[in-house]
Amino acid sequence: MAARILIVEDSALVTDAFEVLFGEAGYEVDSARTVAEAVELSKRKSVDVMLLDLTLPDGNGLEVLDALRGPDRLPRATLAMTGDSDPDTRRKCLEAGCTDILVKPVPIRDLLRQIERLLA
Amino acid sequence: MSMPDSPDSAALRRRLSALEAQREEAQRTIDELNSRDALKTQFLSNISHDLRTPLAAIITHAEILREGMLGDLNPRQRDSVSGIVNGGQQLIDMIDEILTYVRSASDQVTLVRTEFCITEVVDQVRLLNEALAARKRLTIERVNGDDIPPVYADRDKLKHVLGNLIGNAIKFTPDGGRIWISLSRRGAEADELLVEVGDTGRGIARDHYELVFREFAQVDSSPSRPHHGTGLGLAIARKLVELHSGMIWVESELGKGSRFFFTLPLNPPRD
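Residue numbers (numbering that gives the first Met the number 0), protein chains in the order written: chain S, 0 to 119; chain R, 0 to 270.
Isolated chain S, as found in the complex (with noise of 0.2 angstroms):
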């Protein structure tokens, strides 16, 4: 079975971008516009790959990998997509349980490959 992302993001551009981008390379697509809606598709589907927005417009995407943590909940690996390279974003990410953090926009072959090597 293909594996599945969820996109986490408020812009309905950027996700249609990823939606045709990971539908064309095999993945199972889902999308959130909040962290409400990201916790609520998390817990009712098996996540593989999460690409989470840090900005969003019911609160800070770090917020869904709070509500999730917990048993099988959280997915494999979360890549956290932010607009700026801060080292203190970065860190706090990290501290949060991000496995990566990508500045956007992303070169889609180095997130293809990183998609990739994540669920190897």
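Each hint should be verified, as a subset may be incorrect.
[To be verified] The list that follows gives simulated cross-link-like pairs (lysine-lysine, DSSO-like), each with its CA atoms no further than 30 angstroms apart: (1) S:Lys103 x R:Lys170; (2) R:Lys135 x R:Lys39; (3) R:Lys255 x R:Lys158; (4) S:Lys91 x S:Lys42; (5) S:Lys91 x S:Lys103; (6) R:Lys170 x S:Lys91; (7) S:Lys91 x R:Lys39; (8) S:Lys103 x R:Lys158; (9) S:Lys44 x S:Lys103; (10) R:Lys39 x S:Lys103.
Simulated from the structure, these hints should not be mistaken for laboratory data. Note that this is a predicted model, so its numbers are computed, not measured.
Given the coordinates of chain S, assemble chain R onto it according to the supplied hints.
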């Protein structure tokens, strides 16, 4: 019973009261300017974030096309889509420059110091810029520096400073010119590093030595100016060098090229 005021003390009191009113007025002006500056910073930060998001989507879509994920492209189509990716990336770089400026201007930048070899960083930045320079048949070389000891500084920030100085040199040097980077030690105890980025470009008039380091300033700011950019590159370079307790300046003559210098203490206090 109070004594009547002497003419002198009455005049003194009036003067004091006038001074106090002036001080209050000055304080109000300072508060007003600070609040406008904070608004400007917030605006730049918001607009940068909001511009970045749709641009990220455009670049990702264009990359999907360029990689042939939605079907093969012929070479002309691929070139055209690559143009979208490159143009988008250039815009992202400019937005990042604005964000860096906003942060440095509002003292939100902290240095993450490590010990590293500065010549390696110079060579990295040089290599990153080589393709751009080659388009104008410019040479970029590091002329010395193998004997410079490791520096204790923020590697990324210095890379940014060097990138801005070399980027500017490329922008303002006509085809076939030369750009060089020189590193030396100076000061009574040779405890300061002096970095020079020189070029054979069109040069800067003495009157503009200070102006070029001012934010949003371009010596030629007309809409038809040949070189576009945010006008923040050197302002950011100055902020980042000053954060390291260094100095930055330019020496130049019109038509005879420019030499930008910055210093860094070689033995800054350790955290």
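The hints, checked one at a time:
1. S:Lys103 x R:Lys170: Within the cut-off at roughly 26 angstroms; holds.
2. R:Lys135 x R:Lys39: At roughly 37 angstroms apart (the allowed maximum being 30 angstroms), R:Lys39 and R:Lys135 break the hint.
3. R:Lys255 x R:Lys158: holds (26 angstroms)
4. S:Lys91 x S:Lys42: OK: S:Lys91 and S:Lys42 at ~24 angstroms, within 30 angstroms.
5. S:Lys91 x S:Lys103: With Cα atoms ~17 angstroms apart, S:Lys91 and S:Lys103 stay inside 30 angstroms; holds.
6. R:Lys170 x S:Lys91: violated (38 angstroms)
7. S:Lys91 x R:Lys39: holds (27 angstroms)
8. S:Lys103 x R:Lys158: Within the cut-off at roughly 20 angstroms; holds.
9. S:Lys44 x S:Lys103: Holds, at roughly 26 angstroms.
10. R:Lys39 x S:Lys103: Given that 30 angstroms is the threshold and the Cα spacing comes to 24 angstroms, the pair holds.
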